[in-house]
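Chemist: Chains as they are written, first to last, in the numbering used here: chain A, 1 to 228; chain R, 1 to 228.
Hints may be right or wrong, so weigh each one.
Straight-line Cα separation of at most 27 Å, BS3-like style, residue types lysine-lysine; simulated pairs [unchecked claim]: (1) A/K106 with A/K64; (2) A/K106 with R/K136; (3) A/K192 with A/K220; (4) A/K220 with R/K136.
It should be emphasised that the hints constitute simulated quantities derived from the structure, not laboratory data.
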Amino acid sequence: MHAQALYVDDVELVPPVRLMPRRGAGIRVSRPPAGSASGKVKNGMQMKGPDWGEVLSAVAAHDKASFATLFRHFAPRVKSYMLRLGSDDSQAEELAQETMAMVWRKAGQYDPARAAASTWIFTIARNLRIDAFRRANRPELDPEDPALVPDAPPQGDAVVERKQNAERVRAALAALPDEQRQVLHMSFFDDKTHSEIAAALDLPLGTVKSRIRLAFGRVKASIDELGE
Amino acid sequence: MTMHDLPKHHPGDELLVSYAAGELNEAWSLLIATHIAVCPRCRDRVGTAEALGAALLEDVSAGELAVMVDDALERALARATELSEQHDEIPRTPSIMTKSAPVLPQPLRDYAGGDIDSLEWRRLGSSAYHVPLVAKRGAPTARLLRIPGGTVVPEHGHNGLELTMVLSGSFTDDGARFARGDVETADVDVEHQPVAEAGGDCICLAVTDAPLRFRGPVARLVQPFIGI
Numbered sequence: 001m002h003a004q005a006l007y008v009d010d011v012e013l014v015p016p017v018r019l020m021p022r023r024g025a026g027i028r029v030s031r032p033p034a035g036s037a038s039g040k041v042k043n044g045m046q047m048k049g050p051d052w053g054e055v056l057s058a059v060a061a062h063d064k065a066s067f068a069t070l071f072r073h074f075a076p077r078v079k080s081y082m083l084r085l086g087s088d089d090s091q092a093e094e095l096a097q098e099t100m101a102m103v104w105r106k107a108g109q110y111d112p113a114r115a116a117a118s119t120w121i122f123t124i125a126r127n128l129r130i131d132a133f134r135r136a137n138r139p140e141l142d143p144e145d146p147a148l149v150p151d152a153p154p155q156g157d158a159v160v161e162r163k164q165n166a167e168r169v170r171a172a173l174a175a176l177p178d179e180q181r182q183v184l185h186m187s188f189f190d191d192k193t194h195s196e197i198a199a200a201l202d203l204p205l206g207t208v209k210s211r212i213r214l215a216f217g218r219v220k221a222s223i224d225e226l227g228e
Numbered sequence: 001m002t003m004h005d006l007p008k009h010h011p012g013d014e015l016l017v018s019y020a021a022g023e024l025n026e027a028w029s030l031l032i033a034t035h036i037a038v039c040p041r042c043r044d045r046v047g048t049a050e051a052l053g054a055a056l057l058e059d060v061s062a063g064e065l066a067v068m069v070d071d072a073l074e075r076a077l078a079r080a081t082e083l084s085e086q087h088d089e090i091p092r093t094p095s096i097m098t099k100s101a102p103v104l105p106q107p108l109r110d111y112a113g114g115d116i117d118s119l120e121w122r123r124l125g126s127s128a129y130h131v132p133l134v135a136k137r138g139a140p141t142a143r144l145l146r147i148p149g150g151t152v153v154p155e156h157g158h159n160g161l162e163l164t165m166v167l168s169g170s171f172t173d174d175g176a177r178f179a180r181g182d183v184e185t186a187d188v189d190v191e192h193q194p195v196a197e198a199g200g201d202c203i204c205l206a207v208t209d210a211p212l213r214f215r216g217p218v219a220r221l222v223q224p225f226i227g228i
């Protein structure tokens with residue numbers, strides 16, 4: 001948590017362990033984002049797009065070219081997210097611009113030891129969406145609270161771990177059975193309660209909950225493998 | 001805090017996923033946010049669920065990707081400038097370091113209007129006390145409960161989901177013991193009779209979807225008055 005912004009320069013190389021199929025789960029590389037080099041396989045190594053954590057630290061230093069790179073990738077995705085969750089086009093456009101404005105303004109507060117860059121951007125988009133719709137307050141954790149029970153001290157290089165987590169999560173998501181990926185997708189993108197998801201899929205509520213737990217458990221396990 | 005003190009009973013991952021997605025209403029969010037303040041395990045899991053949200057955000061196919069307006073980037077930068085003029089880096093209020101950490105973690109302390117000593121308890125039934133925190137018609141409710149040690153809560157069932165998080169003291173239910181930070185989940189299938197352990201008061205945060213169903217004529221008689 002107190003790690004300096006340590007950026008390693010070898011993260012272009014995905015560790016070979018990632019390419020080894022795990023038991024019972026054929027690894028599929030998730031779809032490459034448009035306009036990036038991600039997904040191209042060369043000499044058995046997956047070539048990745050920009051390291052968003054590094055781009056974000058350049059943005060923190062007010063580098064507009066880096067911001068433009070970040071914007072081209074994330075703004076349309078955030079807008080898609082807002083559209084999926086029921087915004088009309090102009091509202092989704094506004095919220096995507098607002099999200100990126102916050103990214104520019106708060107880039108200096110991004111802590112790579114806590115979360116991957118994409119995760120940090122997702123939480124900004126999510127919070128702006130909640131604020132915009134004001135359907136309900138969303139009480140939040142206060143990381144400065146003296147009553148907070150702190151994390152165990154991080155083992156090894158937490159920064160590398162977080163970055164690889166983002167990769168891992170995408171690979172794990174792609175490897176899930178369709179029915180499990182579907183309930184996760186609906187949980188984030190359909191603005192539905194568990195009961196509403198159950199009704200939409202014509203499934204018992206208990207099945208929806210256990211499917212989400214199972215899917216989440218697999219994703220979590222794929223990250224935990226890395227840490228050991 | 002030693003390992004011994006860490007919570008052993010956790011909310012289901014499907015709730016942590018919904019919290020990360022921004023899809024929980026106020027009462028449930030309050031419980032999850034309070035639990036993750038004292039439970040590093042679940043805080044880490046919420047972080048993983050947020051990484052999952054980021055992965056879903058990134059994995060939009062090129063065909064589905066929204067298109068930003070032409071000058072979106074310039075507008076976002078202009079908005080960022082406006083934002084920083086509006087509230088330029090509000091310095092965080094330093095946490096008041098008292099000798100002992102508060103009993104109520106944030107965000108619960110804000111909802112309760114202070115820590116445990118400043119609460120205005122109201123009588124609930126013959127021997128318990130409560131402080132309503134979130135009480136909106138037709139929405140899940142959140143309240144603090146204070147049950148004197150040794151008290152048996154009348155056996156009851158549930159019309160919906162009930163989550164109870166211990167803040168101080170402890171209770172036992174069907175052989176399991178719940179102490180600070182632990183969350184007990186009871187849904188429509190569960191009929192139970194928790195017992196506050198002898199010693200001090202047991203103080204809990206209780207969130208319910210729907211009114212509880214008390215068994216027995218006496219309990220049924222008091223239910224309209226106690227209002228849980």
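Chemist: State for each hint whether it applies.
Modeler: Taking the hints in turn, this is what the structure says about them:
no.: 1; hint: A/K106 with A/K64; result: holds (14 Å)
no.: 2; hint: A/K106 with R/K136; result: violated (35 Å)
no.: 3; hint: A/K192 with A/K220; result: holds (23 Å)
no.: 4; hint: A/K220 with R/K136; result: violated (35 Å)
Hints 2 and 4 from the earlier list are contradicted by this structure; the remaining hints agree with it.
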